[in-house]
Amino acid sequence: MLFPEGIAAQPESLRRSRAAVADQLADVAAVPDGAVIGLIGVGASEHAARSTAWQWRRQGLRAFAVTASDLTSTTRHAFDVVVAISESGRSVETLQAAELLDVTRSLALVNAADSPLAQQCDSVLMIDSGEDSPVYTTGYTATLQALGQLGDHWSGQASPWYELAEQAAAVLDPATTAVEQVAGRFDDAKLVDVVASSAASATAGEGALILREAARLRTAGHETRNYLHGPMEPLDSDIACLVVGDGREVRLARDVARLGCPALLLTTEAVDDAATAVVCRLPRAHSPLAQNVLDILPIQLLAWSVAQRRGLPVDGFRYHQDDTKHEKR
Numbered sequence: 001m002l003f004p005e006g007i008a009a010q011p012e013s014l015r016r017s018r019a020a021v022a023d024q025l026a027d028v029a030a031v032p033d034g035a036v037i038g039l040i041g042v043g044a045s046e047h048a049a050r051s052t053a054w055q056w057r058r059q060g061l062r063a064f065a066v067t068a069s070d071l072t073s074t075t076r077h078a079f080d081v082v083v084a085i086s087e088s089g090r091s092v093e094t095l096q097a098a099e100l101l102d103v104t105r106s107l108a109l110v111n112a113a114d115s116p117l118a119q120q121c122d123s124v125l126m127i128d129s130g131e132d133s134p135v136y137t138t139g140y141t142a143t144l145q146a147l148g149q150l151g152d153h154w155s156g157q158a159s160p161w162y163e164l165a166e167q168a169a170a171v172l173d174p175a176t177t178a179v180e181q182v183a184g185r186f187d188d189a190k191l192v193d194v195v196a197s198s199a200a201s202a203t204a205g206e207g208a209l210i211l212r213e214a215a216r217l218r219t220a221g222h223e224t225r226n227y228l229h230g231p232m233e234p235l236d237s238d239i240a241c242l243v244v245g246d247g248r249e250v251r252l253a254r255d256v257a258r259l260g261c262p263a264l265l266l267t268t269e270a271v272d273d274a275a276t277a278v279v280c281r282l283p284r285a286h287s288p289l290a291q292n293v294l295d296i297l298p299i300q301l302l303a304w305s306v307a308q309r310r311g312l313p314v315d316g317f318r319y320h321q322d323d324t325k326h327e328k329r
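Each residue of the sequence shown is one higher than the one before, counting from 1 in full-length UniProt numbering.
Derived by calculation from the structure, the hints in this document are not laboratory data.
Treat the hints loosely; a few may be bogus.
[As the list claims (entries may be wrong)] Pair ranges (Cβ atoms, derived):
{"hint": "1", "residue 1": "P234", "residue 2": "S73", "range": "34 to 40 Å"}
{"hint": "2", "residue 1": "G311", "residue 2": "T268", "range": "43 to 49 Å"}
{"hint": "3", "residue 1": "D122", "residue 2": "G260", "range": "51 to 57 Å"}
{"hint": "4", "residue 1": "T177", "residue 2": "E233", "range": "38 to 44 Å"}
{"hint": "5", "residue 1": "A158", "residue 2": "P283", "range": "17 to 23 Å"}
Just so it is clear, CB atoms sit at the ideal spot from N, CA and C, and this is done for glycine as well.
Go ahead and model the full structure; you've got the sequences and the hints to work with.
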């Protein structure tokens with residue numbers, strides 16, 4: 001699947017995945033009271049894990065995200081239950097961590113039931129999101145949704161995940177219009193800062209990653225409050241800012257635009273004046289984790305728009321590494 005096809009396929013992928021995950025959750029055992037849950041992954045999966053841990057803690061679960069590569073050299077850990085996240089199920093570091101960790105239970109969240117990670121863990125939750133693009137689109141957003149459904153299951157809550165696919169479909173066309181207003185200036189920028197709150201840490205991390213992978217932009221991801229404490233000091237007209245959020249982020253977008261920075265604000269708020277920042281208003285999702293799904297869509301569109309300007313096909317990586325994915329059998 002080509003990258004733009006993957007972007008467009010996400011509403012249907014989310015519908016399919018939500019139903020598939022809902023059907024499986026009845027067979028996923030509850031976590032013991034007070035159990036510490038470790039969410040592990042690398043790359044896009046790690047970014048998803050960070051917003052998930054934040055959301056799950058709000059729901060009363062003792063959840064923490066750790067990059068899988070931190071857990072590949074020791075069996076010592078602080079978890080009772082591990083959720084190992086890998087769309088392909090072949091990420092070497094996540095598989096190694098799952099093999100090493102001595103925990104009460106492990107669950108693999110994957111899109112391939114016959115993958116090494118699925119075979120290694122005690123149980124499997126299949127996202128069933130269908131085909132994905134080389135730079136992840138459908139698999140990433142379906143993973144976020146599935147983690148949200150799993151968190152509801154374990155916390156005894158019920159959320160309207162059925163709304164998310166329609167909201168995603170409603171984002172794509174208006175977001176394309178906003179993105180085209182800034183794509184040229186982002187293409188020319190020496191650096192792109194992606195800034196979002198801790199609840200949207202998945203968007204800050206994955207947004208910076210996907211702009212690097214797809215458009216080869218030089219990027220950095222930042223949490224909003226940390227950004228105010230020093231990382232914004234180099235800002236000038238050569239640095240573009242992609243700001244995501246409804247609170248302090250709105251003021252930040254205004255401030256960086258006044259400094260002459262190309263700026264795109266993704267927000268659910270009705271912002272009448274953001275100085276010269278371009279505003280892309282998004283639907284308000286039912287939870288911060290669901291909002292991460294909607295937030296990433298305009299960033300995917302921006303990555304594709306800049307890639308087109310640069311003549312990039314977005315059909316895979318230039319620098320293939322032979323030790324990051326377990327070989328397919």
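Evaluated hints:
{"no.": "1", "hint": "P234 - S73: 34 to 40 Å", "in the structure": "holds, 35 Å"}
{"no.": "2", "hint": "G311 - T268: 43 to 49 Å", "in the structure": "violated, 34 Å"}
{"no.": "3", "hint": "D122 - G260: 51 to 57 Å", "in the structure": "holds, 54 Å"}
{"no.": "4", "hint": "T177 - E233: 38 to 44 Å", "in the structure": "violated, 32 Å"}
{"no.": "5", "hint": "A158 - P283: 17 to 23 Å", "in the structure": "holds, 20 Å"}
The structure is inconsistent with the numbered hints 2 and 4, although it conforms to all the rest.
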